[in-house]
Structure formats: structure tokens, C-alpha cells
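For reference, the chains in residue letters:
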Amino acid sequence: MGLQFYLQNALGGLAYGSLLFLIASGLTLIFGLMRIINLAQTAFYLLGAYVGLTLVAHGTNFWLASAAGGVVTMTLGLAVYSAFLHRYHADPLTSLLLTLGFALIMDDAVLAIWGGDPHSISPPPFLSASLQFGTLVFPEYWLAVIAISFLVAVVLFVALQRTMLGVMIRASVDDEEMARGVGVDVNRAFFVVFAAGAFIAGMGGLLGGPITSAYPGLDGELTPLAFAVVIVGGMGSLSGALIGSLIIGLVNAFGKALFPELSYFTIFVPVALIMAFRPQGLFGRTL
Amino acid sequence: LSLRRRWTVAVVAGLVVALLLPKLGVPTFYISLLTQTWIFAIVAMSLDLLVGFTGLVNFSQAALFGVGAYAVAIGATRFHVTAFVPVVALGIVSAIVTAAIFGLVALRSEGVGFIIITIALNEIVWGLAYQWVSVSGGDNGITGIVRPPAGPFDVSANTGYYYVCLAFFVVALLLLLVLVRSPFGLVLKGVRETPRRMRALGYNVWLYRYLALMISGGFAGLAGVLFAWYNQFVGPVALSLDQSTQILIMVILGGIGTLYGQVLGAFVVVFLSNELSAVTQRWEMVLGVVYFVVVMYAPGGLVVLIPRVWARLRGKRTALVPHEPLLAAGGAVANAPAEAAEES
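Chains as they are written, first to last, in this note's numbering: chain A, 1 to 287; chain B, 1 to 344.
Source of the hints: derived by calculation from the structure; they are not laboratory data. Being a predicted model, the structure only gives us computed values, none of them experimental. Heads up, the beta-carbon is just placed ideally off N, CA and C, and yes, glycines get one too. Treat the hints loosely; a few may be bogus.
[To be verified] Label pairs and their computed distance ranges (CB to CB):
no. : chain 1 : residue 1 : chain 2 : residue 2 : range
1   : B       : Ala311    : A       : Ser82     : 27 to 37 Å
2   : B       : Gly138    : A       : Arg87     : 36 to 46 Å
3   : B       : Val97     : A       : Ala10     : 55 to 65 Å
4   : A       : Leu127    : B       : Phe79     : 48 to 58 Å
5   : A       : Gln4      : B       : Ala89     : 27 to 37 Å
6   : A       : Phe126    : B       : Val279    : 45 to 55 Å
7   : B       : Val293    : A       : Ser239    : 35 to 45 Å
8   : B       : Thr77     : A       : Leu258    : 23 to 33 Å
[Claimed, not checked] Among the chain A residues that face chain B by a calculated CB cut under 8 Å, a handful are:
no. : residue
9   : Leu93
10  : Leu97
11  : Leu98
12  : Ser239
13  : Ile243
14  : Phe265
15  : Val269
Hey, can you work out the whole structure from these sequences and the hints?
This is how it looks when you write it as C-alpha cells:
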């Protein structure tokens, strides 16, 4: 286990972590703003992957297909949000159970439509090569995923910090009542954030496909990782989601390499440490 | 008849019917579904102790349940622990130890934070069962668990085992009812309603929550043991997040904070999921719809809904759905009085 081992897993962990960010950013923003724990977030990812791979199989461009996956999950998410979820803001348990029911329905629909066999997804041809640094092999596509997630993070940060809408969202997070009082359309902020979260996760499905592939139950496997990200980073914090994704991505990669049977247990370590020393998470505020 | 008398009559009648059912020629299939009902009623009651009486919405109850079940399987296949009493003790103790570890981590926060952390904890334990193939058998689980005789009774047949589970259910219900009416239980209710006030009165809120979590874990572990013997098999599904949710749905459907209502919740969920899976392959989808219906139209549970429907049928105008959140923003649970609102 020399330097190569560490570098290889570190790069792999970063790539996986940036994927996690695509799921966890929506999770943390939706929670921070609406107090909705959206357990359908990983199911969005899965559905997005299947929609995307079907479109790719019919000759659609990879990036377009991935965006289409995001649009589909966003539409579905907004439908459920406007029909049911929006009524239960002050009631985190009800909204949580609704998203769980929704996730069950989506999972079963995916199984009904696409069957139980795993689908592997190949990256777009011009990114399917691998880079070699000495003995170190690193697929180009992993770098692309890191770059895309970084881009998404930048867009989210700019939108939150530099636009009027972002100001309204942050005001609603800080003090919803006060924001309503000064005339902020809080409901619109809710709508936009839920849409963005569902879109990014759905888009992430195909983008992450070459790394995770797509199969029923994948969403269940991603859920503990996404939640660990939110706990470590701090619930409601976007910077927290970014740092948390990288930490959990790395811990997961090394956990899988060093203790293949116990990799889920290794993510327990950062979670327990955070809860012991900083229960609100790295960037979170006490709830 | 006074209310108390009516209750006594209902309980005794229910018990007699439950005892006689296997003798009345009820098909074995339904006897085994009822056996499952008793088992899930125990774990649902254990969760109600946390949700309804302590104000902790624990999403890792299936993990505690599953640890009890895996303890039976691993104890039997690796360490040759197969006698009745040692296995039950092993299952309960393993679940209590797991709850003690969970508590150290999860009780650092409360309310919604507690929910998020217990979701993660449940999924981590599920991941262990799923991936630690050399110990847990991975996705294939562990087969070949044999039911030992309960003292002089042979319980290898369904009917015998039905009585074992019924007995454990009755004992668990009585123990929990005594517990929530004891001074300890009253402190728990105080903790549920206004943790801050209890702190000001000098109670160690953390400690009471921690103890409640371990007691709940013990009962969940017991149910896990019974479940492993019932199926004679344990797999990771037993401790999945879906399982945790189903247990919570039983609690809500029965009526949060009632204990006796949970047997109703368990009955409905067990029968519904079995009947559904017999009728359609898409039963998970239907189950998802059931979640929607339960939390939106029966958040107070059947113990609230049935009398209201009854009143409606007799021409009284009552709202069917109580307008209270299941879990208020501060972390207190629905049927806690309004003073919880001043907490946040």
C-alpha cells in the first residue's frame, strides 16, 4: 500500500464525493429552507439515471439526456410538492413520510418499467479514455464528474449569494416569519429550491451512471451516504454539503478499499465524531 | 357499564378470542399472519414508548429489531446458543447494547436532527448486514434457524408458536403499560412535552431519554428474536429503512401514545401487505399510497378515526382529520398539548 494506493483512492473518493454532492445539496437546501427531509432525493437520482440511459439508447446526446432526466424528476417532484408536500412545512414527520411513500412508488415504478437487471452506463466517447500518470490510472470521466459538480456548486453559491432570489431564499431560511412580513414571496422560494434539488439529483443520475451504474436498490445504498454528508456538513448548509460530500466520498473510498465488508461502518466514524464534538455539523447551526 | 368496566370486558373478550382462534379452525395462513401481528405489535409498542411517550421519533427501530433477529441467527449458527431462554436474553441484550451506542450518538440532538441521525444509523446497520457477508450472509441472509422448545412446550408447529408470541405480546403490553404509568413514565411524558421545563426542575432529560431508548431497544430486540424464529431466516430486509418506516406507520395508524392501539396498527399493516402482495406484484407502490393516506387522513390513528367516522355516520358533524402536525417544529409529538409550542 504505497503512495499509489492512496492517490488512486483519494481521486476515486473525490469523484464519488462530487456525485454525492449532487444528491446532498438538494437534501440540505430543501431541509434548511422547508424543514422537509426529502427521502425521495436518491430515488430522483435513480429515476434520472433510467430516464437518461433510455434516451441515450435512443441516440440522444449524453448531456442532453442527463438534463432531460433532471427535467423529468423536477416535474414529478414539483407535482408532488404542489399537490401534497407544500401543506406540511411545519410538520417534518408528515412530510418525511410523504417523501418516503413517494420514493416507494417511484422505486416500484422503475422496477415495473425497466426490470430488475442492472444497467451499466458508458460515459460519452470522448471522455471514455483513462489518464495515466506513471502507474496511476484515472478515468477521464471521473475528472469530468468532479468538474461538473464543482460547476454546480459554483452556480448554486452564486445563485444564493449574488441574486435577488438567493437573498430571498437566505432570508426565508434565517427567519421565515420576518421574511414574509417584509413581503418576500417565501412560497416561491420554497418552490424554486424544491425544483432545483429535484433537478440536480435527477440530472446527477445519468452523470453518475458510469460510476454507480443503475439498478433497483441503488437509491437505498446511496441514502446512508447522502445523510452522512448532511450530518457531517451541517443540516441546511451548502458549504457543509460540499465539504461533507468530499469527506464522506473519501472515507467511503478508503473504507471500501481497506475493509470491503465494513465500508458502511466506516462512514459511521465521521458521523459519530461529528455528533460527539460538533452536533450541529461542520457548518450548521443548532436547530 | 362504566368506561373502565367496558374496557375490562373488551380486553378479556379480546384475549379469549385470541386464545381460542387456533382451536376454531381458522386456516393456518391466518394464524401465521396473526403470529406476525403479535410480533410487530411488540416492536410497534416499543417505538410508541419513544414516539408517543418520550417525544423521540426513532427511525432506527428496525435496526434494533434486526439486531435482535441477527443475534439469534448468528448465536445459533456460530456459537451454538440455541436454548430458549439464552437466545431470548442474547437478542434482548444485543439490542439494548446497540440502542446504548445509538443513544450516545443520536441523543446529542433532538427533534428533526434526531430523525436525520437515526435514519443514518439505521442505514449504517443495514449496510453492515448487507455487506458483511462473512458474518451476516449478506443479501442471502442466514437460514436454518430452529425454534427451540419453550420449556416443556414444543413450538415447532405454527399453533404452538402462535401462543408463544401471544404470551410475549401480552407480557410486553402489561410491562409497558405499567412503565408509562409509573413515576418514570410520567417524567418521560414531561420530557416529551417540555424538555426545557423538566431541565429547570432538575431532571436529567438526556438520561431519561437514554434510558427510554434502551428499554425500547430491549423490547424491539425481543420482537426481533420472535421474528427470526417465526421466519427461521434473517435477511437485511428485516432492518431496512422501509422496515423502520413500516413500524412507524403501525404506530401512527394505531394512535401515537396509546400502546394498545399499536396492535391494531400492526394488524392492519401485516394483513394489508400480505394480502396486497398476494393480489398484485406492485404492492410496494400501493404501500406508498397507503403511507400518503395514513399520514394525511389518519394522523391521529384508528383510535381517533373510528369514533369520528362512527359519529359522522350517526349524523354528527365532526372533522375527520385532526388539525395537528404529527411532529411540531420544536420536536414535540402531536398529542402533546399546545404548551409545546412555546418551546421553540
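Hints, verified against the model:
no. : hint                             : verdict
1   : B:Ala311 to A:Ser82: 27 to 37 Å  : holds (33 Å)
2   : B:Gly138 to A:Arg87: 36 to 46 Å  : holds (41 Å)
3   : B:Val97 to A:Ala10: 55 to 65 Å   : violated (35 Å)
4   : A:Leu127 to B:Phe79: 48 to 58 Å  : holds (52 Å)
5   : A:Gln4 to B:Ala89: 27 to 37 Å    : violated (50 Å)
6   : A:Phe126 to B:Val279: 45 to 55 Å : holds (50 Å)
7   : B:Val293 to A:Ser239: 35 to 45 Å : holds (39 Å)
8   : B:Thr77 to A:Leu258: 23 to 33 Å  : holds (27 Å)
9   : Leu93                            : holds (4 Å)
10  : Leu97                            : holds (5 Å)
11  : Leu98                            : holds (6 Å)
12  : Ser239                           : violated (18 Å)
13  : Ile243                           : violated (17 Å)
14  : Phe265                           : holds (6 Å)
15  : Val269                           : violated (10 Å)
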